[in-house]
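Quick note on the numbering used here: the sequence shown kicks off at 1 and runs consecutively.
Derived by calculation from the structure, the hints in this document are not laboratory data.
Predicted model only: the values in this text are computed from it and were never measured.
Careful: at least some of the hints might be erroneous.
Taking CB as the label site, the calculated pair distances span [as the list claims (entries may be wrong)]:
(1) 72 <-> 106: 16 to 26 Å
(2) 23 <-> 106: 30 to 40 Å
(3) 51 <-> 25: 23 to 33 Å
(4) 111 <-> 59: 28 to 38 Å
(5) 113 <-> 33: 18 to 28 Å
(6) 107 <-> 35: 39 to 49 Å
(7) 23 <-> 2: 36 to 46 Å
(8) 72 <-> 32: 11 to 21 Å
(9) 99 <-> 65: 38 to 48 Å
(10) 74 <-> 120: 35 to 45 Å
(11) 72 <-> 107: 29 to 39 Å
For each residue, glycine too, the CB sits at the ideal point set by N, CA and C.
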Amino acid sequence: MNFQIEPLQAEEFAHLFDLTDTELAARQACRQIVAAKPGTPCRVSMEDVEVGETVILFNYEHQPEDSPYQARHAVFVRENARQAHFAINEVPEVIRSRLISLRLFDQSHMMIDADVVPGDMVGEEIAKAFENDAVAYAHIHNAKPGCFAAAVHRVD
1 MNFQIEPLQA
11 EEFAHLFDLT
21 DTELAARQAC
31 RQIVAAKPGT
41 PCRVSMEDVE
51 VGETVILFNY
61 EHQPEDSPYQ
71 ARHAVFVREN
81 ARQAHFAINE
91 VPEVIRSRLI
101 SLRLFDQSHM
111 MIDADVVPGD
121 MVGEEIAKAF
131 ENDAVAYAHI
141 HNAKPGCFAA
151 AVHRVD
């Protein structure tokens with residue numbers, strides 16, 4: 001079954017880089033300079049950020065639906081992030097190179113299954129999961145340290 005990975009949208013977060021560090025702190029966010037690669041995955045460009053680049057670390061509501069699974073977690077966005085766009089069934093290196101927690105949700109936004117898989121197996125696991133009509137969408141999280149990576153939707 002076909003799927004598409006959806007990165008966060010750059011326009012939602014570009015304004016954060018105009019805020020002062022005090023204004024960011026009031027929003028439970030902070031500016032950081034990347035010191036090591038890999039380790040800082042941008043959720044807009046869907047790439048590991050280069051050493052020396054600036055990112056904003058902030059709390060993002062990735063599961064806003066009215067459900068017991070409503071959730072938010074820390075994510076990174078790099079300054080001047082180039083918007084990623086993925087082809088159908090494409091899995092970016094930033095996901096393929098990590099241990100992934102794959103979480104499957106139904107139309108009522110209830111988690112109906114989950115597993116931890118090597119990143120290089122994510123594509124086949126998503127395709128197999130979407131063969132089940134009860135699966136409406138999926139979320140990908142890094143299993144270590146566990147932050148939200150991307151949403152995944154079925155493509156017919």
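A quick look at each hint next to the structure:
Checked against the hint of 16 to 26 Å, the C-beta distance between residue 72 and residue 106 comes to roughly 20 Å, which is consistent with it. One distance hint, 30 to 40 Å for the beta-carbon pair residue 23 and residue 106, holds here, with the actual separation near 39 Å. Separation of residue 51 from residue 25 is about 24 Å and conforms to the stated range, judged on CB atoms against 23 to 33 Å. Checking the proposed 28 to 38 Å range against residue 111 and residue 59 shows it is violated: the Cβ atoms sit about 20 Å from each other.
For residue 113 and residue 33, the Cβ-Cβ distance of about 39 Å falls outside the hinted range of 18 to 28 Å, so the restraint is violated. Evaluation of the 39 to 49 Å hint for residue 107 and residue 35 yields a pass: the beta carbon distance comes to about 42 Å. Distance hint check: the CB atoms of residue 23 and residue 2 are about 42 Å apart, consistent with the given range 36 to 46 Å. At roughly 19 Å, the beta carbons of residue 72 and residue 32 sit within the given window of 11 to 21 Å.
At about 26 Å, the beta-carbon gap between residue 99 and residue 65 misses the expected band of 38 to 48 Å. With their beta carbons about 25 Å apart, residue 74 and residue 120 fall outside the hinted range of 35 to 45 Å. A beta carbon spacing of about 21 Å between residue 72 and residue 107 contradicts the range 29 to 39 Å that was offered as a hint.
Checked against the numbered hints given earlier, this structure breaks hints 4, 5, 9, 10 and 11; the rest are met.
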